[in-house]
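Make one complex out of these two single chains by using the hints.
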Amino acid sequence: DAKTTQPPSMDCAEGRAANLPCNHSTISGNEYVYWYRQIHSQGPQYIIHGLKNNETNEMASLIITEDRKSSTLILPHATLRDTAVYYCIVRALNNAGNMLTFGGGTRLMVKP
Amino acid sequence: DAGVIQSPRHEVTEMGQEVTLRCKPISGHNSLFWYRQTMMRGLELLIYFNNNVPIDDSGMPEDRFSAKMPNASFSTLKIQPSEPRDSAVYFCASSIGQGNQPQHFGDGTRLSIL
Chain U
1 DAKTTQPPSM DCAEGRAANL PCNHSTISGN EYVYWYRQIH SQGPQYIIHG LKNNETNEMA
61 SLIITEDRKS STLILPHATL RDTAVYYCIV RALNNAGNML TFGGGTRLMV KP
Chain W
1 DAGVIQSPRH EVTEMGQEVT LRCKPISGHN SLFWYRQTMM RGLELLIYFN NNVPIDDSGM
61 PEDRFSAKMP NASFSTLKIQ PSEPRDSAVY FCASSIGQGN QPQHFGDGTR LSIL
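Note that the protein sequences, when read in sequence, are chains U and W. Take 1 as the starting number for the first sequence in our numbering and just add one per residue. Take 1 as the starting number for the second sequence in our numbering and just add one per residue.
Just so you know, the hints here were simulated from the structure itself, not pulled from any lab data. A couple of the hints might just be wrong.
[What the hints assert, rightly or not] Subject to a maximum C-alpha distance of 35 Å in a straight line, what follows is the list of computed DSBU-like cross-link-like pairs (lysine-lysine):
hint: 1; chain 1: U; residue 1: 3; chain 2: U; residue 2: 52
hint: 2; chain 1: U; residue 1: 69; chain 2: U; residue 2: 3
hint: 3; chain 1: W; residue 1: 24; chain 2: W; residue 2: 78
hint: 4; chain 1: U; residue 1: 3; chain 2: W; residue 2: 78
hint: 5; chain 1: W; residue 1: 24; chain 2: W; residue 2: 68
hint: 6; chain 1: W; residue 1: 24; chain 2: U; residue 2: 52
hint: 7; chain 1: U; residue 1: 69; chain 2: U; residue 2: 111
hint: 8; chain 1: W; residue 1: 78; chain 2: W; residue 2: 68
hint: 9; chain 1: U; residue 1: 3; chain 2: W; residue 2: 68
hint: 10; chain 1: U; residue 1: 69; chain 2: U; residue 2: 52
hint: 11; chain 1: U; residue 1: 3; chain 2: U; residue 2: 111
hint: 12; chain 1: U; residue 1: 3; chain 2: W; residue 2: 24
[Claimed, not checked] If you want the ones that stay clear, here's a sample from chain W, every Cβ over 12 Å from chain U, calculated:
hint: 13; residue: 14
hint: 14; residue: 20
hint: 15; residue: 37
hint: 16; residue: 60
hint: 17; residue: 68
hint: 18; residue: 80
hint: 19; residue: 113
hint: 20; residue: 114
Source: prediction; values computed, not measured. From the three backbone atoms N, C-alpha and C, an ideal C-beta is built for every residue, glycine too.
Bound-form chain W, shown alone (with noise of 0.2 Å):
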């Protein structure tokens, strides 16, 4: 079976460039899940959808960061315009959303804002 599917895997850019994380979930997976990850602060959840629908985007950042999910096989996470501070991994995780189900992972992608 597929797992989380993110693209790319890797990403150079200089600030002030949009950047645009894309993710796949587990197909029949209705929860996706968009974290960062950094040496200072660890995993932080930025936001997570149910159903396609944003529940919760308190993680997010600052407005300079958005979130999609235009239907229940993909989303983006966009930042722009991007900044030093915004190098990170991101990770996209999906689960049934529902009971105890746990949350399954992409590899993430590793972002460089130079």
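Same shape as in the complex, but just chain U (with noise of 0.2 Å):
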């Protein structure tokens, strides 16, 4: 699977929306992105996934630039709950038992 490259930190204020970047250069044509994020003491929560098209459900949107290099993920009006590590993960479809393998994330802090 591709690797992925997302920025460590960063800040939003509650209420803005918050962009999530990720590269991933490498990427392939059988290759989804998914997004998780972590909140404090909790388990990995699904947020979106994409292959081609922008995506967008309940939680976020997820932008795939047209040569797939790179995603961003939006959370179109943040909240203090919000603040979360956010997982960008490429994985193919056809990886048998539909692994995930996790980078360092970018740890995102809304605040007020």
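Below, the structure written as structure tokens:
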């Protein structure tokens, strides 16, 4: 699976959009981009995933560049409860067992 | 819907003791994963099962660790004998093991070996 690069930390003001970048320049055609987050003392929580097209659900939006070498997770109106470590993971569709490899993630601090 | 259920939530025991961690996956999920998280090494995959069969245990640190999945609704991770360096948070996750379906995680077991 392709490696991802994320900034180690980011701040965001409460109520504003949080835009979390992820670089995956070695991604191949059959690899999906997944986003998880981990709030302190909890297990990782699935947020969203996509292949080529932009995706949106009740939690967030995922914007994938046309060349698929990078993506951005958008939390449209960040709240204090969105403070967490956010992980961007790239995984191949034919990856046996849906294995995930977690990197260091981005620690997002939402401030009042 | 019930998520992945892990027990116990916290375990404190002395080194040399046997430790058993338990996991109940989401009903209908046929893949199950055990992860370990420490400050130094982050989240690491230990082992995963597909249809109750261990597929890849290359992440299991050593022979002191073993995992079983006797049926589709239950798995255990056992450490015997335990050592202080095994102290970590252990997570279980499950997924529908096909296509691009995401994994769903339990809240973990915080293990402290004294």
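Quick rundown of the hints versus the structure:
no.: 1; hint: U/3 <-> U/52; result: holds (17 Å)
no.: 2; hint: U/69 <-> U/3; result: holds (11 Å)
no.: 3; hint: W/24 <-> W/78; result: holds (15 Å)
no.: 4; hint: U/3 <-> W/78; result: holds (31 Å)
no.: 5; hint: W/24 <-> W/68; result: holds (12 Å)
no.: 6; hint: W/24 <-> U/52; result: holds (34 Å)
no.: 7; hint: U/69 <-> U/111; result: holds (30 Å)
no.: 8; hint: W/78 <-> W/68; result: holds (8 Å)
no.: 9; hint: U/3 <-> W/68; result: holds (30 Å)
no.: 10; hint: U/69 <-> U/52; result: holds (10 Å)
no.: 11; hint: U/3 <-> U/111; result: holds (30 Å)
no.: 12; hint: U/3 <-> W/24; result: holds (31 Å)
no.: 13; hint: 14; result: holds (24 Å)
no.: 14; hint: 20; result: holds (19 Å)
no.: 15; hint: 37; result: violated (9 Å)
no.: 16; hint: 60; result: holds (14 Å)
no.: 17; hint: 68; result: holds (17 Å)
no.: 18; hint: 80; result: holds (25 Å)
no.: 19; hint: 113; result: holds (19 Å)
no.: 20; hint: 114; result: holds (21 Å)
In terms of the numbered hints stated before, the structure departs from hint 15 and from no other.
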